[in-house]
Amino acid sequence: MNPTDIESMAASVPDGALIALPPDNSLPSVALAKALIRKGARNLRLLGVPVSGFATDILIGAGCVASVQTSAVSLGEAGFAPRFTAALKAGTITITDATCPAIHTMLQAAEKGVPFMPLRGIIGSDILANRPDWKVIENPFDANEKIVALPALHPDIAVFHGAMADSHGNIYVGRRRECGTIAHASKRALVTVERVVEGNFLEDEKLASGTINATYISAFAIAERGARPAALLDQYGFDAAYVSTYARAAKTDGGFADWCAEHVFEARAEAAE
Amino acid sequence: MNPTDIESMAASVPDGALIALPPDNSLPSVALAKALIRKGARNLRLLGVPVSGFATDILIGAGCVASVQTSAVSLGEAGFAPRFTAALKAGTITITDATCPAIHTMLQAAEKGVPFMPLRGIIGSDILANRPDWKVIENPFDANEKIVALPALHPDIAVFHGAMADSHGNIYVGRRRECGTIAHASKRALVTVERVVEGNFLEDEKLASGTINATYISAFAIAERGARPAALLDQYGFDAAYVSTYARAAKTDGGFADWCAEHVFEARAEAAE
Amino acid sequence: MSTDYRPEELLAVTLAKLIRAVPTHHIAVGAASPVPAAACWLAVKQGAPVRLSLLHKRSGNPFTEGTRELFDLTGQGRIDLFFLGGGEIDGQANLNLIGTGAWPGREVRFPGSFGSAFMYFMSGRTILFREEHSPRVLVEKVANISAPGISEPGVYRRGHAQALVTGRCVFTFHPDRGRFSLTSVHEGETVESVRAMTGFDFDVEGEVPQTPAPTAEELALLRGSVCDEMMETYPEFCARVFNRKLAA
Amino acid sequence: MSTDYRPEELLAVTLAKLIRAVPTHHIAVGAASPVPAAACWLAVKQGAPVRLSLLHKRSGNPFTEGTRELFDLTGQGRIDLFFLGGGEIDGQANLNLIGTGAWPGREVRFPGSFGSAFMYFMSGRTILFREEHSPRVLVEKVANISAPGISEPGVYRRGHAQALVTGRCVFTFHPDRGRFSLTSVHEGETVESVRAMTGFDFDVEGEVPQTPAPTAEELALLRGSVCDEMMETYPEFCARVFNRKLAA
Chain A
1 MNPTDIESMA ASVPDGALIA LPPDNSLPSV ALAKALIRKG ARNLRLLGVP
51 VSGFATDILI GAGCVASVQT SAVSLGEAGF APRFTAALKA GTITITDATC
101 PAIHTMLQAA EKGVPFMPLR GIIGSDILAN RPDWKVIENP FDANEKIVAL
151 PALHPDIAVF HGAMADSHGN IYVGRRRECG TIAHASKRAL VTVERVVEGN
201 FLEDEKLASG TINATYISAF AIAERGARPA ALLDQYGFDA AYVSTYARAA
251 KTDGGFADWC AEHVFEARAE AAE
Chain B
1 MNPTDIESMA ASVPDGALIA LPPDNSLPSV ALAKALIRKG ARNLRLLGVP
51 VSGFATDILI GAGCVASVQT SAVSLGEAGF APRFTAALKA GTITITDATC
101 PAIHTMLQAA EKGVPFMPLR GIIGSDILAN RPDWKVIENP FDANEKIVAL
151 PALHPDIAVF HGAMADSHGN IYVGRRRECG TIAHASKRAL VTVERVVEGN
201 FLEDEKLASG TINATYISAF AIAERGARPA ALLDQYGFDA AYVSTYARAA
251 KTDGGFADWC AEHVFEARAE AAE
Chain C
1 MSTDYRPEEL LAVTLAKLIR AVPTHHIAVG AASPVPAAAC WLAVKQGAPV
51 RLSLLHKRSG NPFTEGTREL FDLTGQGRID LFFLGGGEID GQANLNLIGT
101 GAWPGREVRF PGSFGSAFMY FMSGRTILFR EEHSPRVLVE KVANISAPGI
151 SEPGVYRRGH AQALVTGRCV FTFHPDRGRF SLTSVHEGET VESVRAMTGF
201 DFDVEGEVPQ TPAPTAEELA LLRGSVCDEM METYPEFCAR VFNRKLAA
Chain D
1 MSTDYRPEEL LAVTLAKLIR AVPTHHIAVG AASPVPAAAC WLAVKQGAPV
51 RLSLLHKRSG NPFTEGTREL FDLTGQGRID LFFLGGGEID GQANLNLIGT
101 GAWPGREVRF PGSFGSAFMY FMSGRTILFR EEHSPRVLVE KVANISAPGI
151 SEPGVYRRGH AQALVTGRCV FTFHPDRGRF SLTSVHEGET VESVRAMTGF
201 DFDVEGEVPQ TPAPTAEELA LLRGSVCDEM METYPEFCAR VFNRKLAA
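Residue numbers (the UniProt record's numbering), protein chains in the order written: chain A, 1 to 273; chain B, 1 to 273; chain C, 1 to 248; chain D, 1 to 248.
Hint data in this document are derived by calculation from the structure and do not stem from the laboratory. The C-beta atom is built at its ideal place from N, Cα and C for all residues, glycine as well. Fair warning: there could be bad hints in the mix.
[What the hints assert, rightly or not] Using C-beta positions, here's what the derived DEER-type ranges look like:
hint, chain 1, residue 1, chain 2, residue 2, range
1, C, E140, A, K89, 24 to 34 Å
2, B, A257, A, V136, 55 to 65 Å
3, A, P14, D, G178, 37 to 47 Å
4, B, T92, A, N2, 56 to 66 Å
[What the hints assert, rightly or not] No farther apart than 30 Å at their CA atoms in a straight line, the calculated lysine-lysine pairs in the BS3-like style are these:
hint, chain 1, residue 1, chain 2, residue 2
5, D, K57, B, K206
6, B, K146, A, K187
7, B, K206, A, K187
8, A, K146, B, K135
9, D, K245, D, K17
10, D, K45, D, K57
11, C, K57, B, K187
12, D, K57, A, K187
13, A, K206, D, K57
14, A, K146, B, K187
15, C, K45, A, K89
16, D, K141, B, K135
17, C, K141, A, K146
18, A, K146, A, K89
19, A, K187, D, K245
20, C, K17, A, K135
21, A, K135, B, K206
22, B, K89, A, K135
23, B, K39, B, K206
24, A, K206, C, K57
25, B, K89, D, K141
26, B, K187, C, K45
27, B, K206, A, K146
28, C, K45, C, K17
29, B, K206, C, K57
30, A, K206, A, K135
31, B, K206, A, K206
32, A, K89, A, K251
33, D, K245, D, K57
[Stated by the list, open to error] Per the computed footprint, the stretches of chain A lying under chain B, defined by three or more beta-carbons under 8 Å from a beta-carbon of chain B, are:
hint, stretch
34, 72–86
35, 145–158
36, 207–215
Please construct the entire structure, taking both the sequences and the accompanying hints into account.
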């Protein structure tokens with residue numbers, strides 16, 4: 001499997017796709033989110049696994065997003081996600097609230113090929129009251145217990161950033177194994193990586209346990225520092241200054257547009273020169 | 001967390017305990033199985049995750065076992081498991097048949113803290129007809145589908161062999177991550193390891209993804225070549241000669257007794273000298 | 001003595017007492033929770049045999065199954081104590097992390113429920129912590145329930161709120177009657193001042209004592225070995241509260 | 001030509017044709033299946049764009065989620081083809097890997113069902129393979145069903161048996177009518193000789209051809225690059241069938 005170009009990868013994402021994104025502590029591909037903005041993606045339905053952060057906010061700001069399903073949207077220390085908040089207020093996006101383990105569970109159901117999985121908790125929460133797609137059933141082993149049944153969720157596309165790919169298209173994500181579950185549950189997985197290395201991670205005992213098998217990977221592209229401002233394992237840390245600059249700029253439509261011109265379009269144009 | 005002695009570890013296992021054991025391709029602790037034989041364990045209920053191999057056969061041969069729940073019992077290339085077959089014929093053990101993904105699913109339900117999980121397949125098999133503890137329910141999202149609901153299974157003790165432990169009691173199992181699920185689902189986890197090393201695997205990005213957090217580990221003991229005759233990751237291979245010697249010897253009660261005297265009792269006595 | 005400690009230090013000491021009041025093997029502490037984290041470390045440094053899983057620890061993060069593992073661990077019954085807050089908290093200990101106004105937060109949208117709709121049921125117990133103590137936060141009835149304080153029969157629930165600690169007082173929660181009682185008021189507060197700033201009704205049983213001030217020993221631990229443990233994850237908090245800065 | 005190949009080579013070539021007869025992206029091959037593994041490698045070497053997951057490959061084993069991953073992968077619909085056998089196989093394609101006599105195999109106990117009760121439903125299709133073709137193995141009705149050949153309405157089933165390949169012939173399975181038909185007989189066999197050795201009734205439609213013998217090209221691939229791929233996992237098979245030994 002050979003790497004593709006990140007712009008071609010973005011071009012392969014159809015408008016309206018249901019896209020699963022890990023949050024800022026778990027290898028988001030901010031690089032692909034930026035390429036989707038450059039491509040002018042529209043009506044994307046984003047799934048936060050299990051919460052949403054920086055990549056979601058910039059996609060919303062650029063008008064690429066129709067809806068978000070997530071357990072929270074936040075820039076962490078930098079506070080509320082400004083473009084999410086503005087778009088929700090303006091009514092240009094809809095949000096479907098979940099709770100973290102429910103999102104994991106819906107993806108695990110897809111991963112196992114079962115139509116649903118039960119999860120405890122949730123009953124009595126208004127989250128459930130606003131999820132007609134979630135059902136309360138009787139525990140088949142204890143008629144006295146009510147429990148929530150969550151439907152399997154199959155995203156169209158999993159998007160994340162790995163540390164590296166090998167010659168076979170296996171992707172190393174280290175301990176961030178939830179990226180594996182997202183890939184397993186999704187119809188396609190588009191992955192950016194820092195670099196491609198020779199060999200086969202599955203033949204290296206130490207790397208194998210942090211590797212996602214190429215079986216699940218539809219395409220990968222090289223994007224150096226592609227998780228930035230999120231951290232990448234032990235390779236680079238969270239860039240708090242970048243996020244707080246963004247959070248300040250993105251308070252207004254104009255501020256976001258300027259930020260986007262500089263950090264999404266110009267930065268790419270310079271890199272391409 | 002400090003290592004314990006393997007004989008003390010065996011002594012901590014009560015008669016009648018439900019013990020989860022990985023099979024010969026996934027880090028069984030044959031060393032602890034032998035220690036359980038030396039201790040004279042009785043009425044153990046063994047769970048093969050998802051199948052059973054060498055360790056199960058020797059425990060049965062030594063009279064330690066009352067029942068086995070598993071998806072198959074086999075010595076692989078060396079053929080049928082002789083002591084299992086003899087004990088089943090003699091009526092001294094009972095077997096509860098499952099099918100591989102059902103055992104994984106019952107443990108995953110325990111891992112998630114849900115009372116059950118559904119699984120497709122199985123319906124129409126006599127396995128289901130002989131499992132009054134498995135139920136067929138209606139898929140809550142499609143009244144036209146019948147599906148099996150499997151109850152959560154919480155073993156009393158998970159037993160497996162890791163490559164190494166660190167100073168904190170974290171256990172490295174590499175890609176054999178199913179040992180993690182067994183540990184998560186079980187009330188206690190007793191683990192043997194080749195060696196103990198300084199440091200914290202969770203702080204080493206490459207090791208972390210193949211590490212089971214000490215949270216789940218009740219005790220660990222050093223047992224060099226403790227998986228033998230099973231393989232240990234890239235450290236040593238499967239000892240086919242050892243298993244075929246065993247398979248020949250264990251065809252008869254007397255042959256098993258001789259094998260056991262030499263390989264379980266004498267070998268230990270020599271090592272202790 | 002009264003000005004010898006910072007408010008965060010009083011809160012950390014108060015939380016540590018609540019931790020130690022109940023046998024506790026394992027506590028998970030979420031992001032953006034420096035005061036609860038300080039309280040956990042203080043309990044540990046005071047000798048409580050507690051395992052801490054700090055979810056946002058950068059190096060040596062305890063989880064190797066991804067973000068799912070915390071919820072699995074809690075589902076298994078291995079988390080004895082968790083901390084939760086809320087944009088709104090009401091008198092029945094319902095939490096609102098969603099927002100005010102009509103669903104999904106048409107007036108003010110909060111970030112979202114995170115894992116609260118699960119953790120609040122499945123942790124052995126929960127300590128509610130919110131520094132801001134005002135009628136805006138402590139309301140009679142939350143606008144939207146992210147996680148309910150009590151559950152009807154037939155709903156599996158392992159634990160409830162143990163207490164609610166704010167910048168003004170400590171409440172104890174009584175799941176049997178679904179109400180808070182006032183346990184102690186911090187220095188400078190009274191039952192009446194607390195009542196004036198609280199949107200929900202609560203019980204008062206007899207004389208309400210003052211929340212004990214941190215002792216010199218507690219403060220020494222907080223500013224010493226607790227601060228040492230927290231520097232990597234919460235550098236800004238350590239700088240602000242303990243006046244300690246990372247070496248450049 | 002007739003003695004120029006070994007029975008295993010005919011079987012591998014025959015299985016490879018069945019693999020290539022249907023678009024196939026991903027095949028999983030279990031333990032102790034050298035002939036199916038050879039067939040898969042042959043299909044690959046013949047240019048079929050197939051991914052192989054060899055479950056017992058020692059180095060570079062494809063799975064990093066433990067033994068669970070094969071079943072998850074199959075549940076996801078990512079396995080187009082799996083191979084199964086059986087201690088008994090009946091005319092409705094029911095498999096018995098449990099044993100004969102009363103449950104759980106009071107007469108002869110087989111090892112157990114392994115994953116068959118799931119894989120047979122959830123793989124895109126299954127090729128049944130059993131070299132021994134005798135009334136003892138191919139029975140009218142299996143004593144115990146590990147995995148049923150067909151399923152009633154309301155049971156999710158992604159695939160069925162495509163064919164049953166034995167040491168004597170190739171049967172095609174028809175899930176609509178729940179019966180096998182005889183597709184071809186291997187050299188030296190006839191419809192009558194097959195019927196005499198088969199415990200179940202099967203359909204015969206018109207003239208039954210002979211199973212095509214391996215071509216020189218097929219044999220060259222098997223003995224060359226296919227054998228190269230199989231040496232690590234199946235050294236004994238390679239020594240016996242291809243007369244190739246590992247360098248000491």
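Does A:K146 lie within 30 Å of C:K141 when you go C-alpha to C-alpha?
25 Å, holds
Taking 30 Å as the top limit, are the C-alpha atoms of A:K206 and D:K57 close enough?
It holds: about 17 Å lies between the C-alpha atoms, which stays within 30 Å.
Holds or violated: D:K57 and A:K187, Cα atoms, limit 30 Å.
27 Å, holds
Pair hint D:K245 and D:K57, alpha-carbon separation not exceeding 30 Å:
With a Cα-Cα distance of about 18 Å, the restraint between D:K245 and D:K57 holds, given a limit of 30 Å.
Restraint check for A:K89 with A:K251, where alpha carbons must lie at most 30 Å apart
13 Å, holds
Against chain B, does the stretch 207–215 of chain A show at least 3 residues with beta-carbon separation below 8 Å?
holds (count 4)
Just to be careful, I want the Cα atoms of B:K206 and A:K206 compared with a cutoff of 30 Å; is the pair within it?
With Cα atoms ~6 Å apart, B:K206 and A:K206 stay inside 30 Å; holds.
Quickly compare the C-alpha distance for C:K17 and A:K135 to 30 Å and report which way the hint goes.
40 Å, violated
Are C:E140 and A:K89 spaced within 24 to 34 Å by their CB atoms?
26 Å, holds
Are the Cα positions of A:K135 and B:K206 separated by 30 Å at most?
41 Å, violated
For the pair we were handed, B:K206 and C:K57, check the Cα-Cα distance against 30 Å.
17 Å, holds
Check whether the Cα positions of A:K146 and A:K89 lie no farther apart than 30 Å.
35 Å, violated
The structure is inconsistent with the numbered hints 15, 18, 19, 20, 21, 22, 23, 27, 30 and 34, although it conforms to all the rest.
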